[in-house]
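Go ahead and model the full structure; you've got the sequences and the hints to work with.
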Amino acid sequence: MSEPAARPSSAGISTDPAHVAPLPRRRPSLRSLGLAPGKLARLRRLLYAHGPGGGTLLVLPIDQGLEHGPVDFFANPDSLDPRYQYELAREGRFSAIALHIGLAEKYFHEYAGDVPLILKLNGKTAIPPDNQAFSPLTGTVEDAVRLGADAVGYTVYVGSPAQDRDFRQLVDVRQDADRFGLPLIVWAYPRGEAIAKKGGREGLYAIDYAARVALELGADVVKVNYPVPSEKDAESPAPYNSLHLSSEAAFRKVVESAGRALVLVSGGEKVPDAELLAKVRASMDAGATGIIFGRNMWQRPREEALRLTRELHAIFREYAQPP
Amino acid sequence: MSEPAARPSSAGISTDPAHVAPLPRRRPSLRSLGLAPGKLARLRRLLYAHGPGGGTLLVLPIDQGLEHGPVDFFANPDSLDPRYQYELAREGRFSAIALHIGLAEKYFHEYAGDVPLILKLNGKTAIPPDNQAFSPLTGTVEDAVRLGADAVGYTVYVGSPAQDRDFRQLVDVRQDADRFGLPLIVWAYPRGEAIAKKGGREGLYAIDYAARVALELGADVVKVNYPVPSEKDAESPAPYNSLHLSSEAAFRKVVESAGRALVLVSGGEKVPDAELLAKVRASMDAGATGIIFGRNMWQRPREEALRLTRELHAIFREYAQPP
Amino acid sequence: MSEPAARPSSAGISTDPAHVAPLPRRRPSLRSLGLAPGKLARLRRLLYAHGPGGGTLLVLPIDQGLEHGPVDFFANPDSLDPRYQYELAREGRFSAIALHIGLAEKYFHEYAGDVPLILKLNGKTAIPPDNQAFSPLTGTVEDAVRLGADAVGYTVYVGSPAQDRDFRQLVDVRQDADRFGLPLIVWAYPRGEAIAKKGGREGLYAIDYAARVALELGADVVKVNYPVPSEKDAESPAPYNSLHLSSEAAFRKVVESAGRALVLVSGGEKVPDAELLAKVRASMDAGATGIIFGRNMWQRPREEALRLTRELHAIFREYAQPP
Amino acid sequence: MSEPAARPSSAGISTDPAHVAPLPRRRPSLRSLGLAPGKLARLRRLLYAHGPGGGTLLVLPIDQGLEHGPVDFFANPDSLDPRYQYELAREGRFSAIALHIGLAEKYFHEYAGDVPLILKLNGKTAIPPDNQAFSPLTGTVEDAVRLGADAVGYTVYVGSPAQDRDFRQLVDVRQDADRFGLPLIVWAYPRGEAIAKKGGREGLYAIDYAARVALELGADVVKVNYPVPSEKDAESPAPYNSLHLSSEAAFRKVVESAGRALVLVSGGEKVPDAELLAKVRASMDAGATGIIFGRNMWQRPREEALRLTRELHAIFREYAQPP
Amino acid sequence: MSEPAARPSSAGISTDPAHVAPLPRRRPSLRSLGLAPGKLARLRRLLYAHGPGGGTLLVLPIDQGLEHGPVDFFANPDSLDPRYQYELAREGRFSAIALHIGLAEKYFHEYAGDVPLILKLNGKTAIPPDNQAFSPLTGTVEDAVRLGADAVGYTVYVGSPAQDRDFRQLVDVRQDADRFGLPLIVWAYPRGEAIAKKGGREGLYAIDYAARVALELGADVVKVNYPVPSEKDAESPAPYNSLHLSSEAAFRKVVESAGRALVLVSGGEKVPDAELLAKVRASMDAGATGIIFGRNMWQRPREEALRLTRELHAIFREYAQPP
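Protein chains in written order, with numbering that gives the first Met the number 0: chain V, 0 to 322; chain C, 0 to 322; chain E, 0 to 322; chain Y, 0 to 322; chain W, 0 to 322.
Just so you know, these hints were derived from the structure itself, not from any lab.
Warning: the hint list may mix true and false statements.
Since copy identity is lost for identical chains, a pair holds within one copy or between any two.
In silico lysine to aspartate or glutamate, DMTMM-like type, Cα no more than 25 Å apart, as pairs [stated by the list, open to error]:
no., residue 1, residue 2
1, Lys196, Glu66
2, Lys231, Asp71
3, Lys231, Asp15
4, Lys196, Asp71
5, Lys196, Asp129
6, Lys269, Asp15
7, Lys231, Glu302
8, Lys196, Glu90
9, Lys231, Asp129
10, Lys269, Glu86
11, Lys231, Glu192
12, Lys196, Glu234
13, Lys231, Glu268
14, Lys196, Asp175
15, Lys196, Glu109
Since we're looking at a predicted model, the values are computed, not measured.
So this is what it looks like as structure tokens:
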């Protein structure tokens with residue numbers, strides 16, 4: 000191996016935290032990923048030419064209007080207007096904004112050149128039940144190319160009973176992304192009635208598996224949630240049911256499982272600043288490439304959001320790596 | 000933001016009506032929408048060159064023969080003959096008539112040039128139950144181009160258990176509309192067994208979500224129903240279950256959620272004139288671009304319908320905006 | 000309107016038979032239909048150059064071997080051999096014979112030029128239950144073009160829970176028919192478990208709706224069954240549940256609903272001659288363009304069938320109209 | 000009609016055996032079938048240039064490894080090796096061997112030119128239940144062309160609840176066969192939970208219907224099973240429930256229903272020689288074109304199988320017809 | 000037959016072990032398989048130019064991250080990093096490494112030229128239940144060609160209620176493999192609720208059937224599990240329920256059923272060395288072409304794994320055959 004991976008190995012099942020979730024390590028370098036020129040050019044634009052730079056990613060998603068409905072905008076009524084997020088992305092110097100075709104076609108033209116675009120290619124509403132979760136396409140890689148996007152996003156519901164349709168749909172997206180040289184960012188979410196019986200979607204088993212699936216299916220970047228230890232872990236398959244890792248150690252394990260897929264950490268619901276910044280540091284320490292914070296950003300008033308953004312930039316600068 | 004959107008923001012959940020449903024505002028200008036030339040040319044034809052003009056839309060739909068069956072024509076037997084609606088659209092100077100392929104192929108040739116055509120591209124009958132509502136295609140964007148239509152219409156059943164097929168089908172329509180430069184009008188209807196458990200299809204939660212979904216999926220124009228406050232709102236997700244907005248305020252909220260998708264208000268079942276005209280004024284005050292009245296129009300005798308149309312023209316003139 | 004349609008109109012629900020099912024009227028002229036040249040040329044061939052002529056249609060269907068099985072041929076064993084029907088069509092001077100691909104490919108070559116062909120494009124067997132009725136393709140419009148057919152036939156099961164697949168399939172057929180200029184004849188049958196709860200498939204509600212659906216979806220000709228008043232009408236949606244029309248008046252209503260789709264009346268099971276001829280006259284009086292009699296024809300011995308055909312020709316001559 | 004079909008006809012339902020299952024008759028001549036040149040050339044090769052000739056067909060199928068599993072080869076362990084059947088077909092001078100893509104790609108090259116190939120294009124295993132029987136494709140007509148096959152085989156499960164998918168799949172196969180000029184042999188099997196309630200898959204109702212369906216859907220040759228009268232016939236639809244025909248008469252009825260589709264008789268499970276040869280004679284007397292015997296052939300030791308083949312050749316010579 | 004297959008044959012059902020599972024025999028030679036040039040060139044590369052050579056195959060699979068999740072890597076934490084397996088394949092001189100698109104795109108570029116690649120084209124997670132097992136595509140043959148793979152792998156779940164979709168999907172893969180000249184390796188796994196009722200997926204009935212299905216559907220190489228006799232065999236269809244073969248004899252039977260599809264033996268869960276090596280010898284004696292050991296390899300520490308590999312090379316040398 001060209002990069003050292005010196006870790007003790009063992010013939011039995013190892014649940015020693017030092018093995019399972021080793022110490023912080025460097026992020027994969029873009030050079031090591033064997034990327035085609037188009038993907039490399041666009042990832043360098045996102046990781047070095049925009050946003051905090053230095054090989055990090057700070058992404059602002061605004062797909063909640065589709066995924067959750069306008070309900071998420073009550074916390075900050077300004078945020079109902081997509082220009083709020085676009086302007087936050089521009090003034091806060093985010094690496095990119097991530098959204099669906101409608102918000103791209105109707106608003107991006109005013110921000111093109113200033114804010115890189117990640118076009119989300121599939122989604123669904125929160126209205127029908129989630130037990131057979133599946134997100135149909137809302138756009139295509141060709142749409143992304145036409146609009147000048149720098150990457151595409153795809154949500155895969157790992158473990159859903161509908162995962163066969165999901166994987167199949169992803170193949171087409173992945174191939175088009177290969178064909179056009181667009182980086183593929185996979186939102187890897189454990190979901191559906193089957194995972195509910197194996198420790199739930201917030202457990203390490205679920206998130207760890209989801210990260211690996213994204214790697215296996217060809218993600219260039221994978222967005223994962225931060226694992227939350229809970230009593231439900233006891234229902235996970237062995238040895239996950241007896242690992243008892245902290246959130247931080249669990250997340251390090253997830254980053255390992257993602258291999259050469261760069262890792263984005265999801266923000267989830269809005270939490271206090273100190274907690275948020277601690278999570279960011281822990282993520283970057285674990286080898287994450289960046290964060291994707293939506294509600295934690297745009298549910299705040301503009302000035303408060305911009306102040307938080309500045310703090311994130313400062314943190315990210317500490318983790319800068321050459322390309 | 001280039002246009003001011005000065006509204007107080009808040010870190011907590013805001014249910015203050017002044018925030019949730021702010022005062023009337025101007026409609027989005029065509030110029031702000033970033034439209035491709037074909038869409039712009041055709042929308043200007045519909046909004047300025049035909050009908051009441053001044054950036055408004057007065058649309059006459061006649062898809063009820065498919066959606067409800069001939070049962071809707073009993074109130075005015077003349078209306079069973081599609082020429083009744085075509086002639087009403089011509090003499091009443093409607094911005095356009097909206098109908099399915101069969102009524103376009105067999106009748107439009109007699110009115111081409113006089114009445115712009117919106118080709119409805121999907122539909123279904125009212126015979127099977129609605130719990131998994133889905134409208135298959137009845138025509139394509141290519142049909143619309145061939146027939147000289149100025150826009151296409153698509154019905155999406157937001158929240159239906161079949162919404163995955165629906166969204167997927169809409170992607171193809173939306174892409175063809177982008178390709179040929181035809182404006183896409185989305186009939187955004189909450190429907191199906193899931194929404195019935197969340198306040199029902201006439202509640203603000205449902206209609207507000209539907210409007211946003213249309214925006215997210217790429218609608219140029221969205222047709223929505225007017226929200227009707229009722230006891231069922233209590234079953235909506237928070238904070239919708241405690242908003243207690245008037246119909247007018249609720250509708251203003253919906254227009255906000257639709258963003259840069261122009262809003263058409265649905266007429267629904269036939270109501271008395273005064274009630275109807277009040278609804279029109281309230282809609283235009285809220286920022287709607289126009290109305291789409293079917294049964295409220297052609298279930299009336301011809302002279303009565305034409306008289307009502309003249310009143311609508313008069314109202315619309317008050318809301319004229321430059322392109 | 001260019002053609003007078005002088006009927007009293009009413010603001011309330013009209014169930015006055017004189018309004019609902021007005022007096023006999025002329026059939027739509029081919030000229031009024033806005034047909035493309037290919038469709039016009041072929042329809043003129045069917046309506047004027049073959050069969051009884053004068054704008055009428057006398058069609059011999061032989062799709063029962065697929066739809067019902069060989070069981071229908073026991074009444075007249077000769078009829079098991081498709082040549083029986085082909086020769087009946089030739090000697091009885093039918094406007095066309097309607098059948099599936101197999102009977103076209105194996106037998107039509109002996110009758111080409113003498114008997115125009117309507118290729119049925121979808122069908123099914125009677126073996127599985129009918130509650131989710133759907134007829135898959137058995138051939139395509141390209142097959143019809145290759146074989147020299149003058150029209151294509153498609154069966155749509157209006158109101159079936161599978162109608163979404165059905166409508167979708169029909170779109171492809173309709174578009175190919177438009178593309179190649181072949182008239183589209185739609186067998187519009189209410190069917191499935193949903194219509195069974197709304198008065199059944201023989202009620203006016205069902206047949207009236209089916210006729211309109213065919214018009215809306217682009218049929219050039221629609222084949223409908225003759226409505227049969229029964230106690231089940233009471234389960235139809237209002238106002239159908241209280242119309243109490245005679246079969247004749249009900250059929251006139253159906254012809255109105257079909258608009259500019261020419262109407263073919265189905266024969267159904269074999270009935271006595273007097274009854275049959277009365278039905279033919281009533282149909283033509285109501286504005287039908289012709290009849291499509293299968294079992295009523297070829298379940299009879301050859302000479303008897305030919306004698307009946309001559310009587311039909313005589314009746315049709317009374318209803319001749321210029322093109 | 001160019002060929003006489005002198006049979007008494009009747010206005011009522013005829014269940015007179017002399018009408019239902021008339022006396023032996025000649026097979027359809029290739030000339031009467033209106034075949035395209037490619038189909039004609041290949042059918043003449045199968046019916047005249049190979050095998051017993053004289054317009055007959057002696058086909059050796061070896062698709063049981065897929066349809067039933069290796070279980071069928073226990074009776075004669077040699078038969079597990081596909082070369083056993085290929086060599087039997089060569090030395091026994093069969094008209095063709097019928098098998099799936101794998102046995103064609105891996106073995107046919109050693110026998111090409113000696114043994115004509117019928118490529119079976121769909122199949123399934125016997126492991127899942129048969130109530131919704133459907134055989135997916137295992138190959139395509141293009142595969143058959145590439146391999147130099149002289150015909151293709153397709154299994155349709157008539158009456159299965161999945162018959163809509165089946166018919167649709169068959170359309171594509173049939174069209175490709177038309178396009179490339181390959182004869183289409185349809186294995187027409189009544190199957191599934193619906194037919195089980197109507198007399199079962201071995202009754203005349205089922206087999207008769209299946210033969211007709213093959214004709215209607217475009218089969219050039221149809222393979223049917225020999226009807227087996229049983230008590231279950233009483234559950235067949237009228238008048239099948241009261242016909243009480245012998246197996247021989249029932250089979251004559253089936254051949255009539257198949258019309259101009261040439262008929263192949265299935266062998267089914269292994270039976271004693273005398274019984275088998277009697278069945279062959281009865282089949283040919285009834286107008287069958289040939290037989291397709293699998294287990295009855297290759298479950299026998301080689302010399303015994305070859306001896307039987309010689310007897311079949313002798314019988315077939317008696318039924319020779321000019322092309 | 001060109002190669003002698005002298006085995007006594009029998010007219011009755013033979014369950015004599017000497018017939019059912021004859022003595023060891025030679026593997027099929029590449030020359031006998033009738034392969035197209037592209038397949039032949041690539042198979043010779045895998046069987047002779049890399050790995051142990053002499054016509055044998057030693058394959059290292061690393062698809063467990065998708066199929067089982069990261070859970071399989073706990074036994075040897077180093078193995079979580081795909082470079083561990085790649086380096087093991089390189090240093091252990093494996094014939095090829097088998098994995099999915101993501102591990103190919105992100106890592107193969109560092110080992111290209113050293114380690115031949117088998118691209119797995121379909122897969123699934125272990126999260127949803129297995130009763131209707133089906134693996135959707137994760138990549139295509141075109142991906143394999145683009146990446147320079149020497150073969151493709153496809154998992155078919157024989158007997159699953161979803162096998163119709165599976166077979167259909169396999170046809171496309173098989174045709175593309177034929178078109179591009181890539182050898183097709185089929186992972187033939189009995190799976191699903193139906194096989195569970197017929198002796199289970201580890202019984203001879205299941206595995207024997209699966210091997211034959213792979214041959215019938217066009218596999219060039221088939222991967223099978225080693226049958227495990229158990230009490231559940233009594234639930235297999237006759238005569239499997241009374242064969243009482245040893246594992247070794249049962250496996251010989253499976254190799255016979257696979258015919259000219261080369262056989263790879265699966266390793267399954269990790270077992271002690273002596274047991275493993277005995278299984279390898281028995282497999283090669285039975286006519287297998289090689290083995291595919293995953294967890295038995297990379298769940299071991301590196302040096303232990305390399306030592307085992309050397310032993311396998313030594314064994315394989317004993318079974319070398321000329322091309």
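Verification of the hints:
When the C-alpha separation of lysine 196 and glutamate 66 is checked against a cutoff of 25 Å, the pair qualifies both within a copy, at 24 Å, and between copies, at 18 Å. With identical chains, the CA atoms of lysine 231 and aspartate 71 are at most 25 Å apart between copies only, with a shortest distance of 21 Å across copies and 27 Å within one. Within a single copy, lysine 231 and aspartate 15 get their C-alpha atoms as close as 21 Å, which meets the 25 Å cut-off; across copies the closest is 39 Å, which misses it. When the C-alpha separation of lysine 196 and aspartate 71 is checked against a cutoff of 25 Å, the pair qualifies only between copies, where the shortest distance is 20 Å, while the shortest distance within a copy is 28 Å.
Taking CA atoms no more than 25 Å apart as the test, lysine 196 paired with aspartate 129 passes in both settings, with 14 Å inside one copy and 15 Å between copies. Taking the shortest alpha-carbon separations for lysine 269 and aspartate 15, only the inter-copy value of 21 Å comes in at or below 25 Å, while the best intra-copy value is 33 Å. Neither within a single protomer nor between protomers do lysine 231 and glutamate 302 lie at most 25 Å apart by alpha-carbon distance, with minima of 39 Å and 38 Å respectively. Taking the shortest Cα distances, lysine 196 and glutamate 90 never come within 25 Å of each other, neither inside one copy (44 Å) nor across copies (41 Å).
In this homomeric assembly, lysine 231 and aspartate 129 come within 25 Å of each other (Cα to Cα) both inside a single copy, at 19 Å, and across copies, at 23 Å. In this homomeric assembly, lysine 269 and glutamate 86 come within 25 Å of each other (Cα to Cα) only inside a single copy, at 20 Å, whereas the closest approach across copies is 44 Å. For the identical chains of this complex, lysine 231 and glutamate 192 are intra-copy neighbours only, at 14 Å inside a copy versus 28 Å across copies, given an alpha-carbon limit of 25 Å. Within a single copy, lysine 196 and glutamate 234 get their C-alpha atoms as close as 7 Å, which meets the 25 Å cut-off; across copies the closest is 28 Å, which misses it.
Taking the shortest alpha-carbon separations for lysine 231 and glutamate 268, only the intra-copy value of 20 Å comes in at or below 25 Å, while the best inter-copy value is 28 Å. In this homomeric assembly, lysine 196 and aspartate 175 never come within 25 Å of each other (Cα to Cα): the closest approach is 35 Å inside a single copy and 39 Å across copies. Proximity of lysine 196 to glutamate 109 under the C-alpha cut-off of 25 Å is found in neither arrangement, the shortest distances being 46 Å within a copy and 39 Å between copies.
Hint check: violations occur at hints 7, 8, 14, 15; the rest are consistent with the structure.
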